[in-house]
Each structure stands twice: as structure tokens, then as C-alpha cells.
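K.L.:
Throw the hints in and build the complete structure from the sequences for me.
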Amino acid sequence: MKYKALLTAATLTGIIGSASAMAQEPPTIAVVAKVGGIPWFNAMEMGIEQMGEELGVEAYMVGPTSADPALQVRAIEDLISRGVDVIGVVPNDREVLEPVLERAREQGIIVLTHESPESENIDYDFEMISAQQLGEEHAKLLAETTGCEGSYAVYVGGLSVPAHNAWADAAVNWLDENCAGLTQAAERFGVAESVDDSRNTTLDLLRAHEDLVGIMSFGSQGTIGAARAVKERGLEGDVAVMGLFSPGQGRRLVHEGVITGGFQWSPLEAGKAFVALGEMLYNGEEITDGAELPVLGDITLDGHTIFASQPLELNKETVDELAELGL
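Quick note on the working numbering: the sequence shown kicks off at 1 and runs consecutively.
Treat the hints loosely; a few may be bogus.
[Stated by the list, open to error] Heads up, simulated BS3-like pairs for lysine-lysine below, C-alpha to C-alpha not over 27 Å straight-line: (1) Lys316 with Lys140; (2) Lys316 with Lys231; (3) Lys231 with Lys140.
Derived by calculation from the structure, the hints in this document are not laboratory data.
Bear in mind that the values here come from a model prediction, so they are computed numbers and not experimental data.
P.N.:
What follows is the structure, encoded as C-alpha cells:
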């Protein structure tokens, strides 16, 4: 009672004003990329910064020097120690990250992932296109291009990268059911985040498999590396190369007929989505099935996975415009 008596009207006003200011303080949102310095994540960083500026929040990206899950763990540990409000991550290895993401949530940090619908210690994962749709679109393109005859190879960013392998599974399953004459030359290769590794793997495959007619790459650098190898061997038009790639990085190879095409989504928009979702959740807003969300549009909510449907088709008609957008 004595304590309450000491709280004058002026003191109460000061306390309320201070609490109000704290409640309105904008969040700090940090996103950990798979690897920094490559076009795909450069575009994502641009989206993060643009949306951060638009919303008036502190938003930035951390780009590890290689696609090593241990480097992502260290980056997240550093962000926890800094006390950021929201951590976003595009995992290289979901299982490796689970313990550190659990620690982040125990500290009250909101955790978002992208390309990792199976992640557990998160608030939400968001996908710009469903895994099944993305995989099947590539499978249909490969079937159409090859006539369902010969052998093909599949590249992913890593054999433990959740989204890449889900896309690859969907593509392979569709081909098994609808394109029986097209068979896998070998088990999939975890080389698609490195131009050099994917190029070297493609050269090895071309030497070992005379019937190789196609390569599907689910990773930002695999399509580029595979296309360079095919071009070196003078096999453009004979070996179809398709998958995810940066339009700015691959536009010349598309126009030269080395890259057939592909389907993806905008990393710029994914970067914006990290920040927009992070701010929503920080402000206590709920996400419900069928909602229309900033950046993502109409979504489907499956557990804690948010599915949008925003595919981008990459071909000779679209690649230049997309490249000029900075993608």
C-alpha cells in the first residue's frame, strides 16, 4: 500500500509512456542464408532490405561463406546472443539445425524457415510453391523435351536439404509413373549449390552414359554448372538442362539453347516474405488457412507450413525481364 501511494500521477504517466514506447519498438529480423555471395541469395538479401525499409524494421541477412550446416549453426548462435526478435533461415541440413532453433525459441525468438517444411522447432515455414508442383513441372518439361527416351540425372543442393529432395522426389515419382522410357543414370547428386561441382559431375556423367539426355537441378548453381559442361562438350540440344537458376546468371545459356528452362519462384519476394511474416508474428497477428498475406497472397496453411502458389517460368521469353529485375 505504501508503494502504491508513492506512484503519483506523473510517475504513472511516465511508466505507461515508457511501456507504450517499448511495445511500439520495431523488431530486429535476421535471415541466415544457405550461402552468401551468390545471385540467388543476393536477390533474397535485396528483398529483405527493401521490405525492412518499407516496414521501418531492422532487417538483414547473414550469408555463410559455404553451404556448411555448421556455419549456419554458428550464425544462429550469434543471433541468439545478440537478442534479435526474429530469426529466419534457409536450412542446409534441417536435422543439424533443430537443436539451435529450439534454443532460439526457448529465448522467445520467433523462428521462420523457408524451403524446409519438415522443420520442427519453428513457428512457421513458408513455401512460394508446393514441392509437388515444382517437381512435377520440371518432370513434365523433361518428358516433353526428351520424348521419354534415354537416361537422366538429378542434382540437389545437398542430400539432406529438405526442400530440394522433396522437389526431386516429386519429379522422379512423376517420371516413374508417366515416362517409363526415361530412367535415372545414377542416384541423385548433392552438387547443386556449386557451379564447379555440378560441372565436373556432368562431365563425368557424359563420359559414363552415352544415353544421357537430361539433367534436372534443384539448387541455385547446379543448372549453370551442368549447362557449362554440356556446352563444353558441344551437346547443346542433345542433353536437356533444366532447373532452378538465377535468370541474370543463366540468361545467355538460355538464349544459346543450352538451358532448356525451368520453374522457380522469386528469391527477392521470398526475402520480403521473411520480413513481412516476421513483423506480423512479432505484432501478435495470427495466420489462418485461406488468408491473404502480404507478399505471399492467398495461402494454404498445413500445420505450420504456409504454401503460396507463385511459380516463375524461366524460358527465352521471360528470362531477360526477370534478370533485369535483379534476379
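K.L.:
All hints are to be evaluated individually against the structure, with a verdict given for each.
P.N.:
So, going through the hints one by one against the coordinates:
no., hint, verdict
1, Lys316 with Lys140, "holds (18 Å)"
2, Lys316 with Lys231, "holds (17 Å)"
3, Lys231 with Lys140, "holds (23 Å)"
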